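In the order they appear, the protein sequences are chains A and B.
The first sequence begins at 3 in my numbering and counts up one residue at a time.
The second sequence begins at 3 in my numbering and counts up one residue at a time.
Simulated from the structure, these hints should not be mistaken for laboratory data.
Any given hint might turn out to be false.
Copies of the same chain look alike in the list, so a pair counts if it fits in one copy or across any two.
To be verified - Taking lysine-lysine and the PhoX-like style, the derived pairs with C-alpha atoms no more than 20 Å apart in a straight line are:
id : residue 1 : residue 2
1  : 407       : 195
2  : 68        : 395
3  : 407       : 147
4  : 280       : 12
5  : 364       : 395
6  : 15        : 25
7  : 30        : 60
8  : 280       : 15
9  : 364       : 351
10 : 68        : 312
11 : 25        : 147
12 : 147       : 15
13 : 381       : 12
14 : 381       : 5
15 : 381       : 93
16 : 381       : 395
17 : 12        : 147
18 : 351       : 280
19 : 5         : 280
20 : 407       : 12
Quantities reported herein were computed from a predicted structural model and do not represent experimental measurements.
Protein chains: 2
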Amino acid sequence: MVKVNENYLKLEKNYLFIRIAEKVNAFKASHPDATLIRMGIGDVTLPLAPVVVDAMKKAADEMGVKETFRGYEDSGAGYDFLRQAVSGYYKSFGADVPMDDIRINDGAKSDCGNLVDIFGDDNIVLVTDPAYPVYVDSNLMSGRKLVYADSDESNNFAALPCEEGYVLDGVMVHPDIIYLCSPNNPTGSVYTKEQLAAWVAYARAHGSVILFDAAYEAFITDAALPRSIYQIPGAKEVAIEMCSLSKTAGFTGVRCGYTVVPSELTATASDGTQVSLKQLWNRREGSKFNGVSYPVQRAAEAVFTDEGLKQIHENIRYYQENARVIAETMTALEIPFTGGINSPYIWFKCPDGMDSWAFFDKMLNEIAVVGTPGAGFGKNGEGWFRLTAFGDKENTIEAMARLRKMLSK
Amino acid sequence: MVKVNENYLKLEKNYLFIRIAEKVNAFKASHPDATLIRMGIGDVTLPLAPVVVDAMKKAADEMGVKETFRGYEDSGAGYDFLRQAVSGYYKSFGADVPMDDIRINDGAKSDCGNLVDIFGDDNIVLVTDPAYPVYVDSNLMSGRKLVYADSDESNNFAALPCEEGYVLDGVMVHPDIIYLCSPNNPTGSVYTKEQLAAWVAYARAHGSVILFDAAYEAFITDAALPRSIYQIPGAKEVAIEMCSLSKTAGFTGVRCGYTVVPSELTATASDGTQVSLKQLWNRREGSKFNGVSYPVQRAAEAVFTDEGLKQIHENIRYYQENARVIAETMTALEIPFTGGINSPYIWFKCPDGMDSWAFFDKMLNEIAVVGTPGAGFGKNGEGWFRLTAFGDKENTIEAMARLRKMLSK
Numbered sequence: 003m004v005k006v007n008e009n010y011l012k013l014e015k016n017y018l019f020i021r022i023a024e025k026v027n028a029f030k031a032s033h034p035d036a037t038l039i040r041m042g043i044g045d046v047t048l049p050l051a052p053v054v055v056d057a058m059k060k061a062a063d064e065m066g067v068k069e070t071f072r073g074y075e076d077s078g079a080g081y082d083f084l085r086q087a088v089s090g091y092y093k094s095f096g097a098d099v100p101m102d103d104i105r106i107n108d109g110a111k112s113d114c115g116n117l118v119d120i121f122g123d124d125n126i127v128l129v130t131d132p133a134y135p136v137y138v139d140s141n142l143m144s145g146r147k148l149v150y151a152d153s154d155e156s157n158n159f160a161a162l163p164c165e166e167g168y169v170l171d172g173v174m175v176h177p178d179i180i181y182l183c184s185p186n187n188p189t190g191s192v193y194t195k196e197q198l199a200a201w202v203a204y205a206r207a208h209g210s211v212i213l214f215d216a217a218y219e220a221f222i223t224d225a226a227l228p229r230s231i232y233q234i235p236g237a238k239e240v241a242i243e244m245c246s247l248s249k250t251a252g253f254t255g256v257r258c259g260y261t262v263v264p265s266e267l268t269a270t271a272s273d274g275t276q277v278s279l280k281q282l283w284n285r286r287e288g289s290k291f292n293g294v295s296y297p298v299q300r301a302a303e304a305v306f307t308d309e310g311l312k313q314i315h316e317n318i319r320y321y322q323e324n325a326r327v328i329a330e331t332m333t334a335l336e337i338p339f340t341g342g343i344n345s346p347y348i349w350f351k352c353p354d355g356m357d358s359w360a361f362f363d364k365m366l367n368e369i370a371v372v373g374t375p376g377a378g379f380g381k382n383g384e385g386w387f388r389l390t391a392f393g394d395k396e397n398t399i400e401a402m403a404r405l406r407k408m409l410s411k
Numbered sequence: 003m004v005k006v007n008e009n010y011l012k013l014e015k016n017y018l019f020i021r022i023a024e025k026v027n028a029f030k031a032s033h034p035d036a037t038l039i040r041m042g043i044g045d046v047t048l049p050l051a052p053v054v055v056d057a058m059k060k061a062a063d064e065m066g067v068k069e070t071f072r073g074y075e076d077s078g079a080g081y082d083f084l085r086q087a088v089s090g091y092y093k094s095f096g097a098d099v100p101m102d103d104i105r106i107n108d109g110a111k112s113d114c115g116n117l118v119d120i121f122g123d124d125n126i127v128l129v130t131d132p133a134y135p136v137y138v139d140s141n142l143m144s145g146r147k148l149v150y151a152d153s154d155e156s157n158n159f160a161a162l163p164c165e166e167g168y169v170l171d172g173v174m175v176h177p178d179i180i181y182l183c184s185p186n187n188p189t190g191s192v193y194t195k196e197q198l199a200a201w202v203a204y205a206r207a208h209g210s211v212i213l214f215d216a217a218y219e220a221f222i223t224d225a226a227l228p229r230s231i232y233q234i235p236g237a238k239e240v241a242i243e244m245c246s247l248s249k250t251a252g253f254t255g256v257r258c259g260y261t262v263v264p265s266e267l268t269a270t271a272s273d274g275t276q277v278s279l280k281q282l283w284n285r286r287e288g289s290k291f292n293g294v295s296y297p298v299q300r301a302a303e304a305v306f307t308d309e310g311l312k313q314i315h316e317n318i319r320y321y322q323e324n325a326r327v328i329a330e331t332m333t334a335l336e337i338p339f340t341g342g343i344n345s346p347y348i349w350f351k352c353p354d355g356m357d358s359w360a361f362f363d364k365m366l367n368e369i370a371v372v373g374t375p376g377a378g379f380g381k382n383g384e385g386w387f388r389l390t391a392f393g394d395k396e397n398t399i400e401a402m403a404r405l406r407k408m409l410s411k
């Protein structure tokens, strides 16, 4: 008789976004004339850059002609033209990532979820709290145990490694797999090179692997801040990096990202042999993935051309200006916050000691603005709130005006 | 210290296609003037249908305009317009599959590999032999034990369930998860409704789940043969179906398929509660998948329009004609074979009792035709050989002429 994976039965349902949707729908039903402003979901709103659209259409045309039609990709790792472009992009900000260590995917979420397959279920996983829920769920689904590194006001929501280790079931342990995200979702905090180097040193000392989520790297404007973990010496021996074009180039509906598993990264098998994680990952993907749509890969390639980078940076600047407006409002209102600079997220303390959901309700009901309650991202998110800069400029300005008015009462 | 998934270390390397590529490359180096004809890989060669190209370009244009831009899909299960189209397609050949039970994916290989995540690692898996290697590898990666149902000359390479069960480690067992593929890759055999009903009855009797791979359903011309397992009464309580546009509409480079997990399909958890597999699968995909590219979904939708179906059927008929030419040659040469009708694959017995690899070498070296040795698909494939009908018409005719000449010597 078939047996289900019982780890799934222990998962929490994704109450956060279901609950938000329910509350928003109820509000809309009772306030049909309200002009709702959504700043909750991290989805982009500007259209694709013209070079990207053109590249996709040109590739679609190629697929309609026998001589230029493309079927299965040989390896499924991504066409060389795109892997070369990504490698060149890394080089442009000082990270040396060879093409052969890059795999193209249909968005970072797939790889983020699937990468854990190459690790044993007995690994202990560290997640910073608050964090993107996929890190937690992907591991609970395999029955792995988790420890949490506190990101809170005391460290500006950028947790650093704890040399003494972390408590799991009453025992001090060092985690085997470490999830880091910088610029951080949801807190907008960004690790400095020194801070990231501390994590790399910790991983090297304890034989851990870092899964580094760089999905928001394009929002970094301060050249001193690392956009890739591979800007840290020694990272290639301990870190996998996941990145995406979703926020960089508005690809949330196009679906394309990339993952780097360096050739230098190995783990020790139980018989003492050194195993290449890149080989394991390629084996996994070879059996369970058949590559990304050719027109999508051509669209992604166009992002990394000179003209493409120019066009996507116009969009990024638009969102950065929204972030500036939100951050400026927080400063004026004397509300503590992180993010807003080098990040599309603004993470702020709910005024008057309100809890996250109470503040959510207040904003929704009094000024028709939707955000995300920090408590949805972990216990340290309680009392905090996330707004995103991916909306319309006019709506963002209007939402901040409403917020000022609400809080000045 | 990080621990790898040691199940990966027990996997065989994919010797089959590596070995074929090595032999072909060596032949090309020593015979630079030979006109090689490839009939080994199951990849299509005809371009996309015009309506598909147009739909993709139109959607790309929409993505370049703010008012029609689309970001994240709400559920990631596929847009309603496409799920409705797939549901209507099922209805056209007599299968009742509601839209809500369908999830759109980036090609059947991903779902085929990932579906096993929702099942416990202690399930016993049945695979027919010979079979598509992904069924085996996906389960070995999770440490599951396998039993094999022999597909061989005695049953026309269409294994039927064995009521006594299957031997695993010296004990008779009934498998919990059963992989079936019809029309079959590699053997081209097609289950009749009665045969498929026997598998459904077996699964119902033993609480098993069938994972039914219908990737080649579009090649069925005999209206009496089932194109979906849901044409069998009672299948919805025991079967998941995976299908793809790769062969139906030449989407091997576009990447789109669909999986059906019926609402009726449940499993019993260890505490006795009934669990919906559809809910588990949606939970898995919700955390690890973010949906298919919008322009790709529009391209797929176009396949199921009247004009789209007309255009893709022209391509299918082209391949069917190739299959007919190959089958006719086998008949003329008095070589036993399966497939060729209702299937793009022709599976034939190597002449003169040759083993698969010896015949591969003979065909390559004497007539410069590449096929796939049956031994690569399992032990029952030894002494058999697979040719595909996805090539050029002229090349197919030429290859068959060369084969006749080779065997008449």
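Do the hints match the structure? See the list:
no.: 1; hint: 407 / 195; in the structure: neither (39 Å within a copy, 69 Å between copies)
no.: 2; hint: 68 / 395; in the structure: between (45 Å within a copy, 13 Å between copies)
no.: 3; hint: 407 / 147; in the structure: neither (45 Å within a copy, 64 Å between copies)
no.: 4; hint: 280 / 12; in the structure: between (31 Å within a copy, 16 Å between copies)
no.: 5; hint: 364 / 395; in the structure: neither (23 Å within a copy, 69 Å between copies)
no.: 6; hint: 15 / 25; in the structure: within (17 Å within a copy, 52 Å between copies)
no.: 7; hint: 30 / 60; in the structure: neither (42 Å within a copy, 33 Å between copies)
no.: 8; hint: 280 / 15; in the structure: between (33 Å within a copy, 14 Å between copies)
no.: 9; hint: 364 / 351; in the structure: within (14 Å within a copy, 74 Å between copies)
no.: 10; hint: 68 / 312; in the structure: between (34 Å within a copy, 18 Å between copies)
no.: 11; hint: 25 / 147; in the structure: neither (33 Å within a copy, 47 Å between copies)
no.: 12; hint: 147 / 15; in the structure: within (18 Å within a copy, 31 Å between copies)
no.: 13; hint: 381 / 12; in the structure: within (18 Å within a copy, 40 Å between copies)
no.: 14; hint: 381 / 5; in the structure: neither (33 Å within a copy, 29 Å between copies)
no.: 15; hint: 381 / 93; in the structure: neither (38 Å within a copy, 48 Å between copies)
no.: 16; hint: 381 / 395; in the structure: neither (32 Å within a copy, 64 Å between copies)
no.: 17; hint: 12 / 147; in the structure: within (13 Å within a copy, 25 Å between copies)
no.: 18; hint: 351 / 280; in the structure: neither (41 Å within a copy, 39 Å between copies)
no.: 19; hint: 5 / 280; in the structure: between (32 Å within a copy, 14 Å between copies)
no.: 20; hint: 407 / 12; in the structure: neither (43 Å within a copy, 64 Å between copies)
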